[in-house]
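Participant: Listed below are the residues making up each chain.
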Amino acid sequence: MRRNAAWGGAPWRAVALLGLLLALAVGPAGPVGAQQPRSGGTLNYIVEAEPPSFDAHRETTFAMLHPIRPHYNLLVKFDLQNYPKVVGDLAASWTISKDGLTYTFKVRQGVKFHDGSTLTSADVKASYDKIIFPPEGVISARQTTYHMVKTVTAPDPQTVVFQLKFASPGFLENLASPFNWIYKAEILARDPRFYERNIMGTGPFRFGEYVRGSHWAGRRNPDYFVQGRPYLDGYRALFIGSPAAQVAAIRSGQAHMTFRGVAPAQRDELTTSLGDRIVIQEGPWLCNNIVIFNIKKKPFDDIRVRKAVTLGIDRWGGSKALSLIAFLGPVGGIMRPASPFAMKTDELAKLAGYNRNIRAAREEARKLLREAGIPEGFSFTLQNRNVQMPYEPVGVFLVDQWRQIGLNVRHVQSETGPYLANFRAGNFEAGVDFSCDFVDDPDVQLAKFLSADLSAVNYGGYTDRQLDLWYFQQARTSDKAKRAQIVHQFEKRVLSDQIYAIYVLWWARIVPHWRQVRGYKISIAHHLDPDLQDIWLSE
Amino acid sequence: MSRYVVTRFLLMIPTLLAVAVLIFLLVRVVPGDIVELRLVSGGTYVTKDVIQAERARLGLNKPIWNQFVDWMVGLVRLDFGVSMWSGDKITHEIAIRLQLSLELAILATIIATVLAIPLGTLAAVRRGTWIDQAVQLFSVAGLAVPSFWLGILMILFFLTYFDWLPPLTFTPLWQNPAANLAQLIWPALAVGYRYSAVAARMTRSAMLEVLREDYIRTAWSKGLNRPVILWRHALRNALLPVTTVIGLEFAFLIGGLVVTEQVFNLNGIGKLIVDAISHRDYTLIQGLMLLVAAGYILANFIVDIVYAWLDPRISYG
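Protein chains in written order, with this note's numbering: chain A, 3 to 541; chain B, 7 to 323.
Check each hint, because a few of them may be wrong.
In silico BS3-like cross-links for lysine-lysine, where the CA-CA straight-line distance does not exceed 25 Å [stated by the list, open to error]: (1) A:Lys298 to B:Lys54; (2) A:Lys299 to B:Lys54; (3) A:Lys167 to B:Lys95.
Some chain B residues judged to face chain A by a derived CB distance under 8 Å, without partners named [said to hold, decoys possible]: (4) Gly38; (5) Asp85; (6) Gly87; (7) Trp91; (8) Thr97; (9) Gln105; (10) Glu109; (11) Thr119; (12) Thr175; (13) Lys277; (14) Leu316; (15) Asp317.
It is worth saying that the hints were derived from the structure and are not from the lab. For every residue, glycine included, the Cβ atom is placed at its ideal position computed from N, Cα and C.
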């Protein structure tokens with residue numbers, strides 16, 4: 003009765019009918035309409051550290067990319083919706099000669115720098131000259147990445163030509179490095195170090211303000227060359243180091259997201275407190291933790307000991323357990339699991355330490371220790387970084403694993419400074435190392451394991467000319483299958499035959515963002531985020 | 007008095023010089039290299055040539071004595087140099103944060119003083135009563151609870167019940183007082199509470215001591231009224247040790263709120279010191295430590311001057 007009284011009567015029925023008709027009329031279009039990008043708003047996101055300088059050509063950290071990348075464009079970039087597809091950014095099109103030695107790019111017309119001047123191929127040439135052939139006194143962190151480049155020329159205002167010394171199969175992907183920002187030639191000619199302290203790009207956002215220690219802000223570039231972009235009016239990158247403060251900032255809505263990612267505990271806290279207001283994107287991450295040995299020190303100079311140490315680790319069990327508490331996950335070799343050059347699981351299982359039968363592996367480890375003359379095991383110190391996630395769980399896991407084959411491990415966590423200093427000085431026995439890259443390319447991932455005179459980050463101190471030979475062979479091999487074969491030989495030698503390093507686990511990325519953040523898709527590397535060109539806010 | 011002030015002021019120079027030498031040597035003893043931290047700590051491959059070139063650019067390949075002379079020459083010209091990490095002027099790096107840290111220190115000091123002196127006095131005057139016990143409980147709790155923990159509780163309370171967090175970025179007081187206070191009042195309360203606990207206990211014990219003095223008994227026998235005895239004769243003398251505590255705590259607050267600044271994400275001097283140390287930013291560490299040392303020396307200097315004002319028996323002639 004009451005229900006009838008409330009809803010009864012002709013006027014209510016008419017309103018209800020009208021509502022139903024309206025819903026039917028807009029219904030099918032409703033969800034689509036809701037997905038239509040909307041302009042306006044300011045995206046606030048967290049950056050865990052601050053940029054040392056503003057020049058991407060000299061820096062290697064995401065802390066510089068995340069706040070400053072939206073001011074710039076690249077020549078080519080990864081299509082983050084379809085990684086590893088490379089698409090043009092400032093390049094309208096390109097051709098590659100049949101011999102793979104000449105890359106010719108046509109530069110988009112009508113692109114303007116934030117000061118109103120027009121971009122030409124001379125700017126692209128000047129930027130790449132700075133990266134590949136830096137002038138005296140200018141640091142380029144990626145100079146050696148482009149060792150295959152002979153010349154960069156700009157025959158006309160719209161054309162840039164890269165002439166290579168040898169065909170390099172990963173060259174195009176390497177050009178899509180998120181660090182290869184295009185600068186203005188005229189400025190570089192005047193002051194090659196201008197970009198260390200100043201911003202002048204063509205990107206979707208102009209410089210707003212930078213308050214050191216607090217935030218970096220950008221505002222929409224109204225003259226951006228992509229029609230209708232960016233959607234956002236501006237952005238603000240908030241520098242927040244503490245994980246607890248990061249979660250609080252997202253919970254309170256003062257930050258929409260963090261691009262680098264969070265740990266499972268933070269994800270769970272955000273999900274519990276914000277419910278369906280938060281979206282969690284998870285995916286693979288092109289970062290990992292490695293154990294390195296000082297092979298000049300006993301007993302790690304004995305290959306049997308190193309083999310025993312890798313056999314003692316239950317990677318598969320560790321992957322299951324650690325993925326619950328840390329952003330760790332996949333088991334893999336030097337190439338990221340499931341990436342184009344990664345070893346298949348059955349191939350991987352043949353490497354020392356990758357067999358799923360951990361009992362048999364540990365038995366073999368004990369046997370090797372006996373053969374090496376240390377049947378009771380031995381004690382050693384594992385150097386680790388005092389960064390909680392994921393270094394600490396990795397270290398604790400390793401200590402436990404090695405205890406099970408009779409090894410007594412002292413886990414020492416140091417600040418990044420002394421940690422790296424100890425590695426560099428060879429003042430360690432074994433250590434938890436790491437690597438993070440932006441592209442699945444053997445040229446990038448294998449470089450760490452070149453002989454010590456060729457690699458600044460080969461802390462193990464070994465010289466292995468066979469590895470050097472394979473590295474340069476694979477870099478020149480265009481046939482993908484043949485290249486993969488060389489890469490796998492290289493991996494086998496590093497991880498199983500010589501055991502210069504142990505791959506513990508690869509990282510797994512967890513990116514939380516408020517539901518109203520749209521147009522973002524998680525990528526394999528936090529270095530690839532974000533240019534903010536396509537991100538929009540639904541509310 | 008003026009001669010004393012000038013002498014004390016001049017004595018600050020050799021003290022700061024000694025601090026400078028000590029800091030310069032200590033930061034270089036600590037293992038770690040700014041160049042590796044900057045170029046390699048991201049896990050990216052960088053060649054040895056690049057690392058060497060960067061070390062040369064920063065002057066780290068020069069002999070230590072040479073680096074020291076360069077720094078000293080700069081200091082004489084009042085040029086503190088540039089941060090090795092950011093390339094920004096050190097005076098600018100400090101200036102950005104000093105405003106927030108000074109304001110927070112002043113707010114916390116006001117809160118502490120407003121709470122501590124009346125409560126400490128009241129506890130002393132009402133010794134042994136429930137009021138005394140309540141004040142003692144307040145003080146002991148303040149000493150036992152770390153200010154950062156109180157800050158965490160505040161944040162959790164705001165988030166859980168109001169979905170609110172103090173602003174994450176600093177707004178100067180004169181631009182928007184409401185936004186400024188919305189950010190700083192909470193850390194000031196968290197820090198001020200602990201600070202007030204120290205000062206309240208000091209006030210109470212100093213007051214108890216003074217109240218037992220002959221001249222107070224004389225004042226009572228003369229029939230002076232209670233407020234005059236307490237405020238003019240007792241408290242003024244009891245404030246001498248309290249002033250020392252407040253002065254030193256104030257100096258500490260400028261650079262010592264590392265954890266509280268992290269909890270509230272404040273862009274203050276404490277956080278800058280930690281960042282500079284973890285980056286092995288020698289020039290910035292040196293500049294900051296000199297600032298902190300100068301802050302302490304200045305606070306002591308001011309406390310000595312205030313002593314003379316509070317106690318006419320003290321003469322610096």
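Participant: Using 8 Å as the Cβ threshold, decide whether Leu316 of chain B counts as touching chain A.
Facilitator: Hint violated; Leu316 of chain B Cβ to chain A Cβ min 38 Å, cut 8 Å.
Participant: Return the status of the interface hint for Trp91 of chain B: holds when the least beta-carbon distance to chain A is below 8 Å, violated otherwise.
Facilitator: Cβ of Trp91 of chain B sits 5 Å from chain A, so the hint holds.
Participant: Is the interface hint for Thr97 of chain B satisfied, with its Cβ closer than 8 Å to some Cβ of chain A?
Facilitator: 13 Å, violated
Participant: Double-check Thr175 of chain B for me: the hint is only fine if its C-beta lies closer than 8 Å to a C-beta in chain A.
Facilitator: 5 Å, holds
Participant: Restraint: Gln105 of chain B near chain A, CB-CB cut 8 Å. Satisfied or not?
Facilitator: With a closest approach of 11 Å, the Gln105 of chain B hint is violated.
Participant: Please verify that hint: Asp317 of chain B, Cβ, nearest Cβ of chain A, below 8 Å or not.
Facilitator: 42 Å, violated
Participant: Against chain A, with CB atoms and a cut of 8 Å, does the hint on Gly38 of chain B hold up?
Facilitator: 2 Å, holds
Participant: Has the given pair, Lys299 of chain A with Lys54 of chain B, been kept, meaning a C-alpha gap of at most 25 Å?
Facilitator: 23 Å, holds
Participant: Just to be careful, I want the Cα atoms of Lys298 of chain A and Lys54 of chain B compared with a cutoff of 25 Å; is the pair within it?
Facilitator: 20 Å, holds
Participant: Please verify that hint: Lys277 of chain B, Cβ, nearest Cβ of chain A, below 8 Å or not.
Facilitator: 7 Å, holds
Participant: Are the Cα positions of Lys167 of chain A and Lys95 of chain B separated by 25 Å at most?
Facilitator: Not OK: Lys167 of chain A and Lys95 of chain B at ~43 Å, beyond 25 Å, violated.
Participant: Is the interface hint for Asp85 of chain B satisfied, with its Cβ closer than 8 Å to some Cβ of chain A?
Facilitator: 18 Å, violated
In this structure, the earlier hints numbered 3, 5, 6, 8, 9, 10, 11, 14 and 15 are contradicted, and the remaining ones agree with it.
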